[in-house]
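Produce the entire structure from the sequences given, and follow the hints as far as they go.
In the order they appear, the protein sequences are chains A and B.
Note that the working numbering gives residue 82 to position 82 of the first sequence, counting from 1, and the numbers run on in steps of one.
Note that the working numbering gives residue 1435 to position 435 of the second sequence, counting from 1, and the numbers run on in steps of one.
In short, the hints are calculated from the structure, not lab data.
The C-beta atom is built at its ideal place from N, Cα and C for all residues, glycine as well.
Heads up, some of the hints might be wrong.
[Unchecked claim] Per label pair, the in silico range of CB-to-CB distance:
id : chain 1 : residue 1 : chain 2 : residue 2 : range
1  : A       : S130      : B       : F1049     : 55 to 63 Å
2  : B       : N1410     : A       : E155      : 53 to 61 Å
3  : B       : V1432     : A       : E155      : 58 to 66 Å
4  : B       : Y1448     : A       : S53       : 50 to 58 Å
5  : B       : R1463     : A       : E155      : 52 to 60 Å
6  : A       : N30       : B       : R1463     : 15 to 23 Å
7  : B       : F1049     : A       : R152      : 57 to 65 Å
8  : A       : R129      : B       : R1463     : 31 to 39 Å
[What the hints assert, rightly or not] Chain B stretches covered by chain A per the calculated footprint, using a threshold of three residues with CB under 8 Å from any CB of chain A:
id : region
9  : 1008-1022
10 : 1365-1373
[Unchecked claim] The list that follows gives simulated cross-link-like pairs (lysine to any residue, SDA-like), each with its CA atoms no further than 20 Å apart:
id : chain 1 : residue 1 : chain 2 : residue 2
11 : B       : K1292     : B       : R1096
12 : B       : K1002     : A       : R131
13 : B       : K1002     : A       : E126
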Amino acid sequence: MTTAPAISAARETTAIRSESLCRYYRMGENVIRAVDGISLEIPSGEFVALLGSSGSGKSSMLNLIAGLDRPTSGSVVVQERDLAKLSREELAKYRLHVVGMVFQSFNLIPSMTIAENVELPLRFAEVERSRREALAMEALERVGLRARIHHRPTELSGGEQQRAALARALINRPQLLLADEPTGNLDSHTGIEIMDLIREFNQQMGMTVVMVTHERALAERYAERMISLADGKLVDDRPNTPLAGRTREAQS
Amino acid sequence: MKISDLSELAVRNLRESVLRNSLTTVGISVGVASLVAMLSLGTGLQQLFTRRLEKSGLFDTIVVSSRREMRGMGRDSERTGVNPAESRVLDEPARREMEKLANVVEAYPDIRLQTELRFEDKPHLTMVSALPQSAKSNDAFDDMQGSFFSSEIAPEAILQKSFAEELLGKTPALGAPEPNVADLAKPLLGKELTMVYPQREAVSQPPLRPSDVASSENVAAESYSVVSREQKLKIVGVSDLDPESMRGPMRGKLFIPLKLAENLHIMQAADLRDIAHSGDAAVYGSISVRVKDPSQVKGVEDAIKSMGFSTFSILDASRSMQQVFKVLFAFLGIFGSLALTVASIGIVNTLVMAILERRREIGIMKAIGASDADVKKLFFAEAGAMGILGGIVGVVFGWAIGQVINFGTNIYLRRQSIPPEHFWAVPWWLAVFAVVFAVIVSLVSGLYPATRAARLDPVQALRYE
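Here it is as structure tokens:
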């Protein structure tokens, strides 16, 4: 396998770069500075945790990287695309092909079966039905949900739903996995299972992972780098040295 | 997104809120049904009138007469052109020639004479006219008592109502109620009457006198004599309507089969006039030429004129009728569309509700890569699916309404002793048009909701619970 050298080579390129990134909201008379002049650089293949209390701006930051929202000023460049300059149509393509997203509340479509949910992005990408089914099956196999493909989301446990959401995020083989509190609605045991899966994707597929969480312990256990935000500003950015937790985990 | 995926997702979404979407679809089908009902009434009436006009034979028949016929003197067509005395004789070869013209269905001689008829030893004078078998489809015979001629040479007669009244001595006084044709027919059908007629008989050996021999020019090669004959006719039918109304005072009151009349060699006025040209062969006073379609009358008429005959036809009135029907159609269409307009508001309402309900779902789809166009198309597909379904159900519904009203009206007509009619028609093009129209209306109604859904901000939508 040539994945290891490929990943190390990828590390030298920049996946995400933001410069003086701002996102302000107007709430009546007040202006809320959700993201207030954040400049950072994330190399390809890195596992980054965005930490901060509620209202610190971490989710807003994630939405800007995901291309779901546009900056008020400054720039965010992902894989050499300046997202502020993309049209709505181009942003949709970017979300479809470059980004995979998982959310705290799973966000599966309740009227669809698990398999249909997972293959939904492929419908937007106009992939043939037979290929779509094969890819969905492969992704579901990977997250250990093959047996539940015909179930609806409501018939699954929280952990299973988040696995399905992960399978959906992976189906287009994105370069970037953005996770917004992925374990927020899960018990700690299930949360660890999901985090293990995310780390697996990061390590085996060289996917850059940006995870928003307020659980410092979780971040310390899995992330390589921890970026802390408060009031929309970057207050701390440091590597999670010396990956002690990670090594321990690997040994066990 | 591919069309197959779009339609699959649209149908799935529609099934998610079955009740609401079904009600909206019922709204569309009621709208389409009212449109179809209105337009099919228009179409049915138009077809009824066209059928009636065609059957009347008024507009697809050309009456051809010889230019030698001087009765119509003074008409433009007769003042110009060939000198009548030098023009062709209207005889059997001319008739055959006309029958061979393009678009001509048949050309038959017009044999009519005013003569004496004896019924129960009492003489009556009337106009006798010979009819071809094709006249059976004339609407005047649709509701006649008895039947049409059993064959083209059968010694049978059909009476027009007024002559039947005369035979029975029941002619009503002016203003008095008309006797029922069925009552008139009862004592007459199957009875016999005797027609007295002049027969043209060929003379094989013309009587020559010595004085004639001296001048050879006076010797006719052929000649005929006129003999009084009688023919017994069985009354087979009594017609209420007047099949020859267009002929005015020349119209027949008693009809016999055309071939029978020809075989009897009934003497016609033209025979006498053109004896110098035809000798023993029959000469016709006029020939009726029937064309396939009223629109072809002009062409055939020109062709016959170029043969050297005078023609007469009634201008195709069906064209101005079409204009009237177009206006009627537009009015019926507008009234019919009103319900569909109301239904389209229902579509807008349903889809706007769907956006509210599926706000989060739209956010999810956008987050995982759906473009504005994908979301828009999805809502369009849902509107279109409701349109197709509502359209099809509506056409069936509209057709059923038509059938019921047709049935009810015919019961009423029958009570009034008016024969039943089919004035409700849903031709295939109307059905297709109605479905297509329903889809277009639905898509237009879906325009606003679809655009609104497409412009939804994904971050807001995802936050929505």
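Structure-inconsistent hints, enumerated in ascending order: Structure breaks hints 3, 4, 5.
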